[in-house]
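Line order of the protein sequences matches chains A and B. Following the numbering used here, the numbering of the first sequence begins with 1 at its first residue and continues without gaps. Following the numbering used here, the numbering of the second sequence begins with 229 at its first residue and continues without gaps.
For the record, the hints were derived by calculation from the structure and aren't laboratory data. Accuracy of the hints is not assured; some may be wrong.
One-sided and incomplete, this derived list gives chain A residues near chain B with beta-carbon spacing under 10 Å [stated by the list, open to error]: (1) I80; (2) I85; (3) P107; (4) R174; (5) G177.
Predicted, not measured: the structure shown is a model, and the values here were computed from it. Just so it is clear, CB atoms sit at the ideal spot from N, CA and C, and this is done for glycine as well.
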Amino acid sequence: MIQLRHIERVFMVGEEEVHALRDVSITAEAGEYIAIMGPSGSGKSSLLNILGLLDRPDSGAYELDGTLVSNLDEKQQAAIRMHKIGFVFQFFHLVPRLSAFDNVALPLVLSGVKPDERQTRVSTALAAFGLGNRARHRPDQLSGGQRQRVAIARATIMQPSVILADEPTGNLDRSSGIEVAEILEELNHQGMTLIMVTHDPDMGKRSRRQILMVDGRVEGGKGEDRSP
Amino acid sequence: MLPFDFFRYTLKSVTAQRLRSLLTATGIAIGIGAVVLLTSLGEGLQQFVLAEFTQFGTNLISVNPGKVTTHGISGALISNVRPLTIEDARILKNIPQIIDTVSVVQGNAAIESGGRQRRTTIYGVDASAARVWRFEVAAGRFLPDDPPRAARSFVVLGSKVRRELFGSSQALGARVRIGGELFRVLGTMESKGQMLGFDLDDSVYIPTGKAMALFNRDSLMEINLLHSAGSSSTTVAEQVKKVLVARHGSEDFSITTQEKMLEVLGGVLDTLTFAVGAIGGISLLVGGVGILTIMSIAVNERTGEIGLLRAMGVERNQILALFLGEAVVLAAIGGLAGLGLGVGGSWLCSLLIPALPAHTSWSYAAAAELLAVVVGLLAGVLPARRAAALHPVEALRAE
């Protein structure tokens, strides 16, 4: 369960103040599937960064699974990112020198999981994402769709409660994009909260709820279908 | 992150850019190699020089005419210098700590036997020379203890002279002609080898008085003193000085103790050590700058990766540690290569120059490797701090 209350975020661009987020309040129940939409510069990414604890709001409160995470220090926030949040990026952000297996294993490595446990968990995940025979391949030996599947496997290997996806299909062709969307939706079915930033209306339509951002404000209401 | 995984991750980052890492590590390798080679040879060189200078025995003091240190020119050029005489040597022998003295006159002359002739170094010495200089007689005996003014015409041949003049035939008792005078061969010496380029085997020994006559001198070129092992060379040198000043009226001679000689040589070696050390230090510095450069480039190239790691819950100081670790791994690889280079180089040196014992002590090797790691750490600090200071959002946007 996610609760954002009166979030404000202001950037200084040169001399000018830019209000990236103005009084944003959002509640997302556990297991929801939300698409954040809106024109570029509307604050979608800023909102996602706040949700992912990559950035701090200038004011307002953020509660994740009953914890007021906006008040935690950096160390504690890092721990939340590690265990509760999985990120999926438009440009995959795979480590180029590591194999698909090692990329998926990275969160386990960073959190100190023992090698033999890693082995079983990563193998299972790769098999589940149809990448069983690609484990030893490096990212540059994989197709775009395969790369994003590796990235999703990595984002979910820690069993997070929330998946934050920033234009996950933005860099893929149509069929790979649909494939990736289906995988994310399957994970959502399994109970992970899925929040996706997109400006692709077709992708937005797939979600059960859209939030439209305009000029740093939330325009859409709960459950309303605002897609054109 | 488990320590093993940390190591694997940094090592993988280094090996992913094989050529670049290799070139960067080379800088450190050359520095460490130079330092290791230097310390290996330095110790060997010290031992070598010490052995060269103590092969004539220890506890030696030499007295030469003229005070080099006051004039800067040889005393022989200054007319008011009183020459050293056999009488001086005889008086010096009365100092209780002095066991023996050798009055030395040296020159070059032709030595002739049968049809064969050879120009060689002639040493005019006392009977005590073999004892004081630790020369071993191979056959016959050394010069007899004749009174200096009435020495008989005996000669003792160095091994090379004996071989050149007599070959396999009997030398003992033969007559040889040196500078027109006849000498009887009383003994031949064991091979002694070279000392700093002087072939000691290509020399002959005749009584001091005979040599003075031969070279038309009325004074000695040097007096060697052997003092007892228990006495300090400085106090003995003081006494020698007092006695000679009393006889000559002023200090118109130079006293060199063996310790002084070794000190001077030690000074030369220290300078050499310092010079090579400086070269090693400079290449370490250059190597460090190389690591700094490469790590800065790596941080730029991998900004997206840093953002990703932060997003996955890696803290700032862990990012710092990762990049520091990478710099250290780079430097440590260079250091190990440098150790190989240094040890191999000194091994090669000792192979080419057998007299020069090269010896790498493990403590120096460990210290050198530690030095490499420290250089890596220092070079890594700036880039690693920059990596740690990146804002995750900015870093993720970089790709």
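Check each numbered hint against the structure and report the violated ones by number, ascending.
Hints 4 and 5 contradicted; others consistent.
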